[in-house]
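Trainee: Each chain is listed here by its residues.
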Amino acid sequence: MSIFNLFRRANSGNVARERLQILLTHERRSGGSHELVALIHREVIAAIAKHVNIDPDKVEVEIQYRDKVSFLEINLEIPAGERARAA
Amino acid sequence: MGKVLVVTSGKGGVGKTTSTAAIGAALAQTGQKVAVVDFDVGLRNLDLIMGAERRVVFDFINVAQGDANLSQALIRDKRVDTLYLLAASQTRDKDALTEEGVKRVIDELRDRFDWVICDSPAGIERGATLAMRYADSAIVIANPEVSSVRDSDRIIGLLDSKTLKAESGEGIEKHLLLTRYDPARAARGEMLSVEDVLDILSIPLLGIIPESQDVLKASNVGAPVSINSTTSAAAAAYIDAARRLCGVPVPMTRPTEKVSMFGRFFGRRAA
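Order-wise, the sequence lines are chains A and B. So the first sequence is residues 2 to 88, counted in my numbering. So the second sequence is residues 2 to 272, counted in my numbering.
Each hint should be verified, as a subset may be incorrect.
[Said to hold, decoys possible] With a Cα cut of at most 27 Å, we get these calculated DSSO-like pairs of lysine-lysine:
{"#": "1", "chain 1": "B", "residue 1": "LYS218", "chain 2": "A", "residue 2": "LYS69"}
{"#": "2", "chain 1": "B", "residue 1": "LYS79", "chain 2": "B", "residue 2": "LYS4"}
{"#": "3", "chain 1": "B", "residue 1": "LYS166", "chain 2": "A", "residue 2": "LYS69"}
{"#": "4", "chain 1": "B", "residue 1": "LYS163", "chain 2": "B", "residue 2": "LYS79"}
{"#": "5", "chain 1": "B", "residue 1": "LYS12", "chain 2": "B", "residue 2": "LYS95"}
{"#": "6", "chain 1": "B", "residue 1": "LYS218", "chain 2": "B", "residue 2": "LYS34"}
{"#": "7", "chain 1": "B", "residue 1": "LYS166", "chain 2": "B", "residue 2": "LYS95"}
{"#": "8", "chain 1": "B", "residue 1": "LYS12", "chain 2": "B", "residue 2": "LYS163"}
{"#": "9", "chain 1": "B", "residue 1": "LYS163", "chain 2": "A", "residue 2": "LYS69"}
No lab work stands behind these hints: they were computed from the structure. This structure is a prediction, so every number in the text was calculated from the model and none was measured.
Produce the entire structure from the sequences given, and follow the hints as far as they go.
Mentor: In structure tokens:
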């Protein structure tokens, strides 16, 4: 440890680490299973659209892989006017 | 029952074949029976690194397809008599290997050897997934460099999803072998540090292999570096890594380089 550690933030090794951390956080979120996510995305839209009008762009599907369990997160927006129909 | 180990990385040129040969030879030198298996069909190179390129008669695909038996295809090393090579085919393409064929060969090797070390092809395609399919544990090879670490992360994802161990819920044991580590550049902060790579990949460290001219010299003469130049730092690091695989608690040595006071003073600040 020395005073020069103060300058280390600018080192290219640190830049590399920061770039990788950001990139891998994003890549792990899709977990290398883009096909699976795309398939679930399509099928969710098809299933919901039978009952409620939804905007396909407002449907988000994400899989997060963890050591023990993985999470499938589906977020979708139902337009205000559709609430009555859905109920 | 032997242990099946896959040496994999995603990225090419990081040292899979060098490491397969070096760790295989180091393990065999302790008297254990070791088979190194080349999965890089069409682009085989393990035979060349092992110095057995002119002794290949039958290969992995011949055995997998039942055209030759394992004893005919295994090439015994001339220096370490418990070390054997099963070469890949140079003329066939990767589709010649089937999952069933690979399983049969691996099962037979597992019965006959203490260690079966599978040298994976680069990439994440079929050849790489077949090489890891039946493994009990994996050595992930990475260089302290962004593209290599990214690809290693991807390979770890595949190890955790596409291997038999992962599918059975047991999980596959993973080790990180950091290769081509340049202590001088690391000291100047010009490379990802060991801690950075460990932090990002979060799998246990098996060893740090310093960048060394002895690796090229060993491949020039067709000998695993761990038996070709036993005094070199790279060879020592591979031998230590092999001992750790056997469960020996060898302290992790960080490759160092003597840095002059001048270099220390100015080197630290360079970006």
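Trainee: Does each hint hold? Answer for all of them.
Mentor: Checked hints:
Restraint check for B:LYS218 and A:LYS69: not satisfied, since their Cα atoms lie roughly 44 Å apart, outside the 27 Å limit. Proximity of B:LYS79 to B:LYS4 is assessed by CA-CA distance (about 23 Å); at most 27 Å being required, the pair is judged to hold. For the hint linking B:LYS166 to A:LYS69, the alpha-carbon distance of about 14 Å falls within 27 Å, and the restraint holds. Annotation: proposed proximity of B:LYS163 to B:LYS79 is violated, straight-line Cα distance about 36 Å (limit 27 Å).
In summary, the hint linking B:LYS12 to B:LYS95 is supported, as the alpha carbons are separated by about 18 Å, within the 27 Å threshold. Straight-line distance between C-alpha atoms of B:LYS218 and B:LYS34 comes to about 26 Å, which keeps the hinted pair within the 27 Å bound. With a C-alpha separation of about 23 Å, the suggested pair B:LYS166 and B:LYS95 falls inside the 27 Å cut-off, and the hint holds. The hinted pair formed by B:LYS12 and B:LYS163 meets the criterion: a straight-line CA distance of about 18 Å does not exceed 27 Å.
Using a Cα cut-off of 27 Å, the hinted pair B:LYS163 and A:LYS69 holds, with the two alpha carbons roughly 16 Å apart.
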